[in-house]
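First to last, the sequence lines map onto chains X and W. Residues are numbered in the working numbering as their position in the first sequence, beginning at 1, plus a constant of 1. Residues are numbered in the working numbering as their position in the second sequence, beginning at 1, plus a constant of 781.
Hint data in this document are derived by calculation from the structure and do not stem from the laboratory. Here the structure is a predicted model, which is why all the values come from computation and not from measurement. Just so it is clear, CB atoms sit at the ideal spot from N, CA and C, and this is done for glycine as well. Honestly, I wouldn't trust all of these hints.
Pairwise CB distance ranges, derived in the manner of DEER restraints [what the hints assert, rightly or not]: (1) Phe55(X) with Glu796(W): 43 to 53 angstroms; (2) Asn829(W) with Pro7(X): 35 to 45 angstroms; (3) Pro7(X) with Gln834(W): 31 to 41 angstroms; (4) Arg42(X) with Cys944(W): 48 to 58 angstroms; (5) Arg856(W) with Ala53(X): 37 to 47 angstroms; (6) Leu884(W) with Arg42(X): 44 to 54 angstroms; (7) Leu840(W) with Phe55(X): 44 to 54 angstroms; (8) Pro23(X) with Ser929(W): 35 to 45 angstroms.
Sample of chain W residues lacking proximity to chain X, with all beta carbon distances greater than 12 angstroms (derived) [unchecked claim]: (9) Trp786; (10) Ala839; (11) Ser849; (12) Ala854; (13) Pro896.
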Amino acid sequence: MDEMDPFESKLREAFVRRPAPPGLKRRILDERARLKKERRRRTIMVWQRLAAGFAIAAVLGGGLTWRHVEEERRGKAARQEVLTALRITNQALDRIQARLAASDRDDHATGERQ
Amino acid sequence: MAHDWQPDFERLVGEHQSMVFSLAWRMTGDRGLAEEIAQDTFLALDKNLSKLQGPEHALFWLRRVAMSRSADALRRRKVRGVDLWIEIEENHGAQPEERSSPLGARLEQLMTTLPEPQRAVLVLRYQEDLTPEEIAATLEAPLATVKSNLQRGLKLLRAKAECNLKDYMRPGQVLGGA
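Starting from the given sequences, assemble the full structure and let the hints guide the process.
Have a look at this one:
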């Protein structure tokens, strides 16, 4: 394989490397710079979208938490009001019961005297 | 040593653009397409710079990718080499400094009529001066296949040259050493 006949020598002469077209290197370097810029722009865009996503998630999460806390607070207040109402009702009933008992005692005493 | 190598992309382009462009041109026969392939090859090199272990590895990598991209381009276009050479003559004329000798141009033209696998091994053998073992490694092909393609390609090219290049070569020279 190493020894070449005249035809192979002609082939080797014919197949010398051709010079690259003028400006090829410049075009490659320009395209490389453009692609790098594009990649950087895309990376920034991805981070921006991620940040926007996090911000939206935080706002939604905050809103939901606030709603939950508010509902809990309102529930506690309503329970407190019901308890107060029950206490007042209980006191009123106690008073009525005491009056009825006093009235019963008076009726009973009057009956005995007669 | 390999791991200490700091690749300089701009220098690599400067050093190897002629090699990559020539491989692509001889494989496709289309100057414009060869420029595109060369550009793509170097942009792919830029992405893989960190994986390269040294100048020899970079050269090997560039040859392998240039050949593979040229083969892909040929498959995509599904155009026979001889048609492409009509295009090269008509639309993509070489700069004066790029023109080879009449015999060289005819040999290159004949080369484009060979089947792609034979053309690939002949280009690597006679342009890049690679051994069959190196060609096998570059094309990721079995050594026996490479040797067979070399012999068949050379025989076919010799036969075509005998018929077509009588004006350029002395009798006996074309077949010499067969």
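Hints versus structure:
no. : hint                                        : result
1   : Phe55(X) with Glu796(W): 43 to 53 angstroms : 47 angstroms, holds
2   : Asn829(W) with Pro7(X): 35 to 45 angstroms  : 41 angstroms, holds
3   : Pro7(X) with Gln834(W): 31 to 41 angstroms  : 39 angstroms, holds
4   : Arg42(X) with Cys944(W): 48 to 58 angstroms : 57 angstroms, holds
5   : Arg856(W) with Ala53(X): 37 to 47 angstroms : 43 angstroms, holds
6   : Leu884(W) with Arg42(X): 44 to 54 angstroms : 51 angstroms, holds
7   : Leu840(W) with Phe55(X): 44 to 54 angstroms : 47 angstroms, holds
8   : Pro23(X) with Ser929(W): 35 to 45 angstroms : 39 angstroms, holds
9   : Trp786                                      : 20 angstroms, holds
10  : Ala839                                      : 15 angstroms, holds
11  : Ser849                                      : 18 angstroms, holds
12  : Ala854                                      : 17 angstroms, holds
13  : Pro896                                      : 17 angstroms, holds
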